[in-house]
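Colleague: Using the sequences and the hints, build the whole thing.
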Amino acid sequence: MRKRILSLFHNLFRKGAVELELDDELGSSVEILTEEKMKQGLSGSAARREALLELGGIDQVKEEVRAVRAGRMLEDFARDSRLAFRSLRKSPGFTTVAILTLALGIGANTAIFSVVNAVLLHPLPFRQPNRLVLVQEELPLLAYRPIPVPAHDVIVFQKESRVFAAAAGFEDTPVDLTGAGQPERVRAERVSWTLFPILGIQPLLGRTFTSKEDQGGRRVAVLTYGLWKQRFGGDRSIVGRAIDLERKPYTVIGVMPPRFSFAGEGFLEGYSSYSSAALWVPMSFTAEERTTIGDNFNFGLIARLKPGVSLPQVQADANMIATRIQQQYPPSVRNELKLNAVVTPLLEAVVGRVRTLMAILLGAVGLVLLIACVNVAHLLLSRMIGRQKEMAVRLALGAGRARLLRQFIAENVVLALAGGALGTGMAFWCDRVLARLAPSAIPRLHGASIDVFVLLFTLGLSVIVGVLIGAAPAFAAGGTDVNGSLKEGGRSLTAGRRHERLRSALVISEIALALVLLVGAGLLIRSFVRVLGVNPGFQAQHVLTFNVGLPSAAYPRASSVRSFYRELRDRLARLPGVRRVGFATGSPMEANWTRTFVPENYHPAPGAQLNVCFNALVSGNYFQALRIPLIRGRYFNDEDTPHSTPVVIVSQSIAREFWPRENPIGKRLKWGTAADKLPWATIVGVVGDIQPGPLAPDRPSRPSIYEPYSQTDDALVLLESNMHFAVRASGDPASLAAAARAEVWDIDAQLPVTSLETMSAVVAKALAPRRFNLFLLGAFAGLALLLAAIGIYGVISCSASQRTHEIGIRLALGAQRGDIAKLVLREGTKLTLIGVGFGVVAALGLTRLMASLLFGVSPTNPPTFAAVALILTAVALLASYVPARRAMRVDPVTALKHE
Amino acid sequence: MGEKRTDLLRGTLDLLVLKALSPEPLHGVGISRRITQITKGAFQVSFGSLFPSLHRMEEKGWVEAEWRASENNRRAKYYRLTSAGRAQLKAEEQQWNRMVKIMAAAVEST
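If you read the protein sequences in the order shown, they are chains A and B.
Here our numbering runs 184 ahead of the position in the first sequence, where the first position is 1.
Here our numbering runs 234 ahead of the position in the second sequence, where the first position is 1.
Watch out, some of these pointers could steer you wrong.
[Said to hold, decoys possible] With a cut-off of at most 25 Å between alpha-carbon atoms, the simulated DMTMM-like pairs for lysine to aspartate or glutamate come out as follows: (1) B:K311 / B:E293; (2) B:K311 / A:E823; (3) B:K311 / A:E247; (4) B:K294 / A:D207; (5) B:K253 / A:E248; (6) A:K246 / B:E292; (7) B:K311 / A:E234; (8) B:K311 / A:D208; (9) B:K311 / A:E219; (10) B:K274 / A:E784.
[Stated by the list, open to error] Computed beta-carbon distance windows for the label pairs: (11) B:S317 / A:G609: 22 to 32 Å; (12) A:D208 / B:A338: 39 to 49 Å; (13) B:S280 / A:L305: 53 to 63 Å; (14) A:R311 / B:T316: 56 to 66 Å.
[What the hints assert, rightly or not] Among the chain B residues that face chain A by a calculated CB cut under 10 Å, a handful are: (15) G282; (16) S283; (17) L288; (18) K335; (19) A340.
Hints in this document: simulated from the structure, not taken from any laboratory.
C-beta atoms are modelled at their ideal positions from N, C-alpha and C, and glycine is treated no differently.
Modeller: Next comes the structure, spelled out in structure tokens:
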């Protein structure tokens, strides 16, 4: 074996010497044989001829010897590649077009695969991430999808679960970070002390929380690497020092390593805003949180599974716990609500919602590559036809068909690898563009990079592409008839049925593929237009919005909170250029606070659901500022005071549901259930519904009930100390931003102003995911259309030019030029229509898969299909029109002389 | 095309080459002549089979080659059995004899 390996090296690296020695050996053998023959009485030249004859041809013997040598495969491959390079260099036009086409296809695939790799395939950056689960609850009557859990339930799960090695709660909480620089509102996460051990992440500096700190409500904080670097300049002495959160001193006990983030940046939908957390504080549940049952579904709950337990076991255990929790609910709701627990592997919770999108992107980009392959295959086929004579000569000279085929494949693999290399370069650039365009709604996309795994994927893909594009021409070459090709003297009368049919198949498949992509993009465009057309229920133009939250340490009493907001509201209203000002708990785009209510004299059927509505406390000219239309009655006004009759405004869908044939004005309702000891509130107005926003236009509009801030009880005012302001400007709202911020700081210089932006920008941001999908699929479809057009043009013009002779004869026999154009066009039309037919059938099957990305358009939307088929046909005809014109201008004399 | 015959003879050819080389080193043409001689003219080995076989055996380490002057004072490449080659010859001879006995018995049994 060693000997053979040695000789492999010997043969490869000293190939020249080995060949020379073989030459020598054979040469000397010829001489020995010649001498022998001469001794037998032959003349010198006759003896030599006899000698060569006996040897059987020096080159053949050499070839046989080479064939047994080690390393022959490699050598052959190297030779084939060299040949391939040489032959590709000889036709730079073809090579450039082919490589560019493949680079586009492979590059797009590499870029998208790198995204899929980062988003779906990378494991989570925690210890044994596949043993981590997210626990949620589901109240089928109240919320239509799993939601976070109450604090009380976090504690119950931590205590009672028999399958969790450990569990940790977390909650997103914005805090004011003051002292040392501008006041800043940052995202903090309250976390159980167990969170870091569960994730298995060690701090970079200091330590993480202890059980004592969590239970004892100690004021300690762990910083993210980013906050530490930005705000504290990476000062290592920060550990042990105090920082101000909500105007209370917290001691920094640790700093986490770079890039460690847990629930931020769209990582877990519904658990965090799309910015990443800046720091962590211990969970330290309040007494109220510990004891409140069935309310405040705000807490995330993750757990590490004990070794050996399976997911179904965990689900069963969690459901038992949920049932026990349900038994503690107040009697009024205990039997009406059903509480389920939902356990999801953490990775699934993070990426599950984008899996369809990723699959569609991969599929789309795969189709683009297929079209690119078809184009290049056709180029190769045309080239092949030109090289038919070369092939025939080589076959006649004794080259094996297998040998020719191998060289052919080598050529294509070289092409594909070159395309892959160029494509990888393009993918680097694409990744950067994608990272900039990507909405934060796609988790982990920023981690997309061209790593070894992606490179391997690209390499594999290139090789497959190389074989694929060679298949058609190789198939055609298989039929090369040596005698025929040579006799024809290098000119083929007709390219042969076989080539013709193959070429038609290529065009048809190309058109079909392009149609599928175009239909996909078309459906997304229609959805996007539909979404833009949805009336959100308010007018975003000319509105400036921002959030202000009051820390309870500085504003401990409800009266101080109220007077702050009243003053800010009135100051803003006095600013020049401001028309209307109001504030409410939560922006219309992201209202998420729901309350149960019951109308007066309402007798639900036994077992009926609780009535749930969205609820906001509003003040000032909030409805007017956002132009939420008043349908009946009146808006809130200054006469709604704590001492006047409690009033509410309901949205249209509430009015329609509970008072379908009556005037709702003057009717009364109550929060909670009829048994609750709360006052009845009188309906004074009906306003339009708010759509849940472009993020989820397909959800039903929100039934909402608004309460005047002036009548809200003090406990709720203290609880809801974060307000969303809406300022309607007469001109550009952005120009008011600085003045608005100045007014806030004029009242309290330590208050951070967050999300200060125009309402239009907020709406645009919400549209970003759709725009991103549209952009990508649109780009792919555009690319597909372009490639398909080029392909059709290539095929039709190639077939037309091969029929030059025939056209010449036709013209000479008196055919009109128009007839010739028709002849060529008819061929293009026929192929296009067949392709469109196949494409429509394929698209009908495939667009179903993208239903979840669509809005207001069915996956088989006939107008979209029709429009796309029309566009594609038009483009295809245009592409065949050019060669048709050329064929029309053929000069019969030249065409016939061409012989 | 005669490929079948080569296949059948492949094992035999190696044995014949080893046998031809066992008394003394020979060059390619010499080996061919020696084989014709020891098989009493029954086998005429083609050079197209002989040279590949020699190179293969050289890679396996059964024969060694060196350039030296031929009987007529020409430079020629002479092949010589190595000890591994001798061992191989012995093994192949035994195997051949066993095979012949088996085959003979098989053919004679009616």
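Colleague: Now tell me if each hint is right for this structure.
Modeller: Results for each hint:
no.: 1; hint: B:K311 / B:E293; result: 15 Å, holds
no.: 2; hint: B:K311 / A:E823; result: 119 Å, violated
no.: 3; hint: B:K311 / A:E247; result: 19 Å, holds
no.: 4; hint: B:K294 / A:D207; result: 21 Å, holds
no.: 5; hint: B:K253 / A:E248; result: 23 Å, holds
no.: 6; hint: A:K246 / B:E292; result: 16 Å, holds
no.: 7; hint: B:K311 / A:E234; result: 21 Å, holds
no.: 8; hint: B:K311 / A:D208; result: 8 Å, holds
no.: 9; hint: B:K311 / A:E219; result: 16 Å, holds
no.: 10; hint: B:K274 / A:E784; result: 123 Å, violated
no.: 11; hint: B:S317 / A:G609: 22 to 32 Å; result: 57 Å, violated
no.: 12; hint: A:D208 / B:A338: 39 to 49 Å; result: 44 Å, holds
no.: 13; hint: B:S280 / A:L305: 53 to 63 Å; result: 58 Å, holds
no.: 14; hint: A:R311 / B:T316: 56 to 66 Å; result: 59 Å, holds
no.: 15; hint: G282; result: 5 Å, holds
no.: 16; hint: S283; result: 8 Å, holds
no.: 17; hint: L288; result: 8 Å, holds
no.: 18; hint: K335; result: 31 Å, violated
no.: 19; hint: A340; result: 33 Å, violated
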